[in-house]
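Chemist: Residue numbers (this note's numbering), protein chains in the order written: chain A, 1 to 441; chain B, 1 to 441; chain C, 1 to 441; chain D, 1 to 76; chain E, 1 to 76; chain F, 1 to 76.
No lab work stands behind these hints, which were simulated from the structure alone. Some clues are possibly wrong.
Said to hold, decoys possible - 30 Å max Cα-Cα, derived DSSO-like pairs, lysine-lysine:
#1 A:252 with A:403
#2 D:11 with B:40
#3 B:100 with D:40
#4 C:381 with F:40
#5 B:40 with A:223
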Amino acid sequence: MKNIILKFLVLFVFLGFTGLVANENASTVELSAHKEESYKTQPMSTMVMGFLQSTGISALINPDPNELNSHGKTMSDFHKTGGRVIMILITFLLFYLAIKKGFEPLLLLPIAFGGLLANIPVANMAGPDGFLGIIYHMGLSNQLFPILIFMGVGAMTDFGPLLSNPKTALLGGAAQFGIFGTLVGAVALSQYTNIFDFTLQQSSAISIIGGADGPTSIFIATKLAPELLGAIAVASYSYMAMVPIIQPPIMKALTTDAERRIRMTTLRHVSRLEKLVFPVMVLVLAILVLPESTPLIGAFMFGNFLKESGVVERLSDTMQNALINIVTIFLGLAVGSKLSADQFLVPDTLAILALGIIAFSVGTASGVIMAKIMNMFPGHKINPLIGSAGVSAVPMAARVSNKVGMEYDRTNMLLMHAMGPNVAGVIGSAVAAGMLISFFK
Amino acid sequence: MKNIILKFLVLFVFLGFTGLVANENASTVELSAHKEESYKTQPMSTMVMGFLQSTGISALINPDPNELNSHGKTMSDFHKTGGRVIMILITFLLFYLAIKKGFEPLLLLPIAFGGLLANIPVANMAGPDGFLGIIYHMGLSNQLFPILIFMGVGAMTDFGPLLSNPKTALLGGAAQFGIFGTLVGAVALSQYTNIFDFTLQQSSAISIIGGADGPTSIFIATKLAPELLGAIAVASYSYMAMVPIIQPPIMKALTTDAERRIRMTTLRHVSRLEKLVFPVMVLVLAILVLPESTPLIGAFMFGNFLKESGVVERLSDTMQNALINIVTIFLGLAVGSKLSADQFLVPDTLAILALGIIAFSVGTASGVIMAKIMNMFPGHKINPLIGSAGVSAVPMAARVSNKVGMEYDRTNMLLMHAMGPNVAGVIGSAVAAGMLISFFK
Amino acid sequence: MKNIILKFLVLFVFLGFTGLVANENASTVELSAHKEESYKTQPMSTMVMGFLQSTGISALINPDPNELNSHGKTMSDFHKTGGRVIMILITFLLFYLAIKKGFEPLLLLPIAFGGLLANIPVANMAGPDGFLGIIYHMGLSNQLFPILIFMGVGAMTDFGPLLSNPKTALLGGAAQFGIFGTLVGAVALSQYTNIFDFTLQQSSAISIIGGADGPTSIFIATKLAPELLGAIAVASYSYMAMVPIIQPPIMKALTTDAERRIRMTTLRHVSRLEKLVFPVMVLVLAILVLPESTPLIGAFMFGNFLKESGVVERLSDTMQNALINIVTIFLGLAVGSKLSADQFLVPDTLAILALGIIAFSVGTASGVIMAKIMNMFPGHKINPLIGSAGVSAVPMAARVSNKVGMEYDRTNMLLMHAMGPNVAGVIGSAVAAGMLISFFK
Amino acid sequence: MDANLVVEGLKFMLLGMGTVFLFLIVMIVSMNIMSTIIHKFFPEPKSAISSTGNQAKDNKKIIAAITAAITHHRQG
Amino acid sequence: MDANLVVEGLKFMLLGMGTVFLFLIVMIVSMNIMSTIIHKFFPEPKSAISSTGNQAKDNKKIIAAITAAITHHRQG
Amino acid sequence: MDANLVVEGLKFMLLGMGTVFLFLIVMIVSMNIMSTIIHKFFPEPKSAISSTGNQAKDNKKIIAAITAAITHHRQG
Ligand code: NA
Ligand code: NA
Ligand code: NA
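Just chain A, with the same shape it has in the complex (with noise of 0.2 Å):
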């Protein structure tokens, strides 16, 4: 055995300098006309040149004049060179708030890393052969991974407060105000002054973003402006991780002392069969009332349904780990795809970013300001603060209720009370979506 091994090594080596001896002219041996073809023999230097100007580095300092971005356009040399150092440390900055700040890392991490690799020069990873690419072609631009995230969120849903207490739905339906209200804000903004130039249907997407729902935003931004897609998404899971540092001053603003402490009633118990008849119900609502929304009302309350239903916990279990986690992946990659520099680092980001924030808040201050138009009603009291949950972005809006609740009464429990509007604001963006849908069909 050693000496066989030994012997291939003599033989190997000696072929090795053979090699490195001959004399290029001397060939004569005969290659097949179909092979090599795709190769060009060039001197050592010239590849040692090609070399150095295929490096990353050469590639940031002077571009390719020839390079197109994933859509195969043309690219600015900016968005070429420092653009992508740029993006590259966005996605720094964002990997330190997914992992330091806590900021949905679920998803932002997979996106901010799929935006790392999409921002790489040469690679082209975000281009219809890169891998980040195949992705993106696979399940995002069809809009199906954010339909399959919607089935493993449902089937993570508990409707029984919202069962339980049902008008509490309303605060859901007052925070998609957000939606609407950023969107008239968007398209006067664009309209009026100089700072934005948005059309209707980026207007539409952008304001989604108040919906506080992350495959909602994505499902809409892809059907209404794929070119936004990256911006978006980015914004609506950084604002969903930011529920607890921008939500408890709007509340406070908007309640009384007094308004802060009241007490809720106890939920009454919700039977299993409730359980089980709200998904479809909701979904023939959907159907009855506009049935652009029932993709995503549909995705859910299939996802719901199979768990309420008891009988298939394997594929409950499945939506709701391996299924959604894999989607997961490739849905934050395929995102990440979109954050590429020509595509993020353009005027409209920071419009995006200053707009979601703006839709957002209005959602938050709608729910709050619902629940005391409610109290002038007759009937139990609701305390204002879990309004605020009515934007969804669940649970976190619901645990922010609860937590603002606590500071100014310890027992006073908000957390299942919120969870009600937190789950009607899920559907009330979806039907939100729908409505924007349908407007541009």
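Position chains B, C, D, E and F with the ligands against the provided structure of chain A, taking the given hints into account.
Modeler: What follows is chains B, C, D, E and F with the ligands alone, placed relative to chain A:
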């Protein structure tokens, strides 16, 4: 922080009101030509009317005359209106059967929900751009999903009982008479009566219901008669679920009391090596005798071989859990997408349901009769009650054999004896499926 | 119930016999023109002959002269007959090696079973409509599967040992001499002898076997020489599995007894932050130096970063389990689909196997020699036995280093020390792969 | 004539918020009807509730027992 | 001349059932041959069987032990 | 003029091995710099390390306790 947000709010509300007041004609803002071209402005009244016309209620009452089905063909008004409502009610019936009656919920629930979604007007989810259509084209039209299910089922199957009593495989063969007998019946009724009008291909696809194998039925239906897929899949899984209702009367009608009390000898121990060689051996036989059956048998034996190898437990586990669950969800939704009113609410469906139950019953009867014939020959007697397990429907048919047997002798455990013909029935159906494919090649 | 079924049976049997008696010519039933056109009626004798001719036995003895391979090209009669039998026997040998000898069963079993299925005549499963072909085009021809595997492997990798002793990375660099040395050998033998006739691309794809990384080999083979994919993948995984046989003699031949007893200092503790920064740092270096390597390194570091972040455990778990397992099954089957006789039973395959083992051996030797060279410089001495781990083949090569070390000193634990070069070898191979890609761009 | 997008946006808002509230109000009404019907005609069997409760209780008991066993062992 | 589909169907039945039985009979014969060969030339080592048995037994013992411990705790 | 592939291969080897080593050397240098910076400016809190250690220790203790309980039961 609070101040900033308040300022934002003021600005936003201000802008909103400004816009409201502004006259439509007063606008002089230039819009870039490429933008907005897809959006046409309309008076509010038109928009409200448009919205009302786009509701599901309206679509179900006044269907769009230009609406096409998921194949791009025109539909009758009934299939756009009342037909949809009936289909949705049928999916509710399937929900009831799956959840309350335990009818194969793992597949019937996703199929029924897919059917519910497919019958929603306007949303067109079963169309090529809808998510049901995307899933259908991802793995059902190319028969990938049933193949993957077969892998998982293979990984869950134990051939031990069959190996310890090989001759019971004949019972799994006889039960395939349900397939071919029904095929003859279907073409006879098509030719000599006006009840149905099925082609040979369609008759073949329908009769495979008698094989009592969901994935095999779906595989063959997609190949030979995709237009009947929905009805065949629903019939197949419904009847598999109804095994405890359909089989016992047939079993009892065809056996004497003495036969039902026959005790079978204890099964011998089967070595690990036998279990390991068996899947490869069967596959080799399939290669030699009927290569057309090898996609199904190959996938099945792949799963089984990986399990029995004992060295790739993590792959075998994944096949039996995450992979088969994900594919089951997708397969169910994709099959459900074929439950649209215009494809399901046709006389053919009733014929398929009728032929399917005949196929199933004939298969059951043939298995029992085969056992009685085998008992005419010398050797260990077979309890004819295990003959019915030859239809497959693993493992329910075997459990039915056991249960009926215990009705007559509480100490006569037939379960493991019935597992032999049960798994042989899977192989027999795959061979029959291979024959049907080869006939039409 | 019983009565109905009995009536059905009677009706059914009656109709069957009626049909049998009926004269073929007597039929006057009209058939709709569009139906049946694909089916031509034939006499029974012709059908039986047709069936006999469509059996696998017949196809293996009298091959169809018009049969094409999965690329639509003609095949020799040998590749349709005896070649297939030989290939099936080869897959049995791979089964034996995987199960009995423990040769990388996780990939060799699916590959071998895929190969078995791909060599079945008539069924054409590796063709574009067969399920192996569908899986191949889903994720292998576009290199998605190896990328996803790399993510999972990244999530399973611990860079701690490398971080605590960075200079051992050089051993992982030296081992890549196996790749480039073999490349030179392959082109030399192609040019100066008549043994092989490989192009530069093919030689490069073959020599990557020396990198001892399955996914990297498959990635490069798919890019540079897809026609050799099957042989390269089988060689790569086989040799990775044979690490405990191939490496020890080389390691012993190149080291003195004293060297084998060198004790290495204890590894220092590596902080969580170092492990978190490392994957991003390596990716940034890859961007700066060799962007062509970033798809592989990026995917690897994505998995590792998600694991080390500690905040997305469910994604990291899914990558390491459900996702990598599913992709492994698909990758194995897809690679196996390239083991058809006409592609594998060619002289090139033998050459690939020979060159592969040379590449592997040279890599092993280079790693050991590099350690000896490094020991000529001042500083902590390195046990040259860990040099062989530089080829990667994680973690088996590191275990071999440990085992050989303990043969000479039972208290000298080299395992963790060998893990450093082991994981550096993965990075080194990815860099080498990036170079090969950039040469042919 | 160019469109005044702000007016369009306001129309969207009116129609959009209107539909959202319409939908949710119909949903609330339906929920109430559904609950009434279910509580009247399909009341949940008491045993079902308590059995689930019992199961959770049992699990807790088991955990308590193991914990106690461990504590006992440690002290011993 | 139009085909008589019933006759076609009967041909299918004959050929189909014939092949199914042919296949299963060949399979049964092969299974018997395989079993004979394996039992003769590759007999299963006794220890392997019993060890798996033991493992299952051990698991049962452990479960029994824990159950007993819990019972003991409850009574105590 | 036809290319001498061996010469090409040798060029590949030089450039390839050069890049591999260049990359790894830069990586080693970077790793050392990174470690220095992290140890200086972001030292790991002691408690974090020990707490993980404690947790593993606790798990071991629990396992030991259960094992002991079972052993005790067997003997009893
Ligand atoms: Na929302
Ligand atoms: Na069957
Ligand atoms: Na390597």
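Chemist: Indicate, hint by hint, whether the structure satisfies it.
Modeler: Verification of the hints:
1. A:252 with A:403: Given pair residue 252 (chain A), residue 403 (chain A) holds - Cα atoms ~12 Å apart, limit 30 Å.
2. D:11 with B:40: OK: residue 11 (chain D) and residue 40 (chain B) at ~13 Å, within 30 Å.
3. B:100 with D:40: Status holds; Cα separation ~19 Å.
4. C:381 with F:40: Holds, because 27 Å separates the two Cα atoms, which is no more than 30 Å.
5. B:40 with A:223: 18 Å, holds
Going down the numbered hints, you'll see the structure goes against none, and every one checks out.
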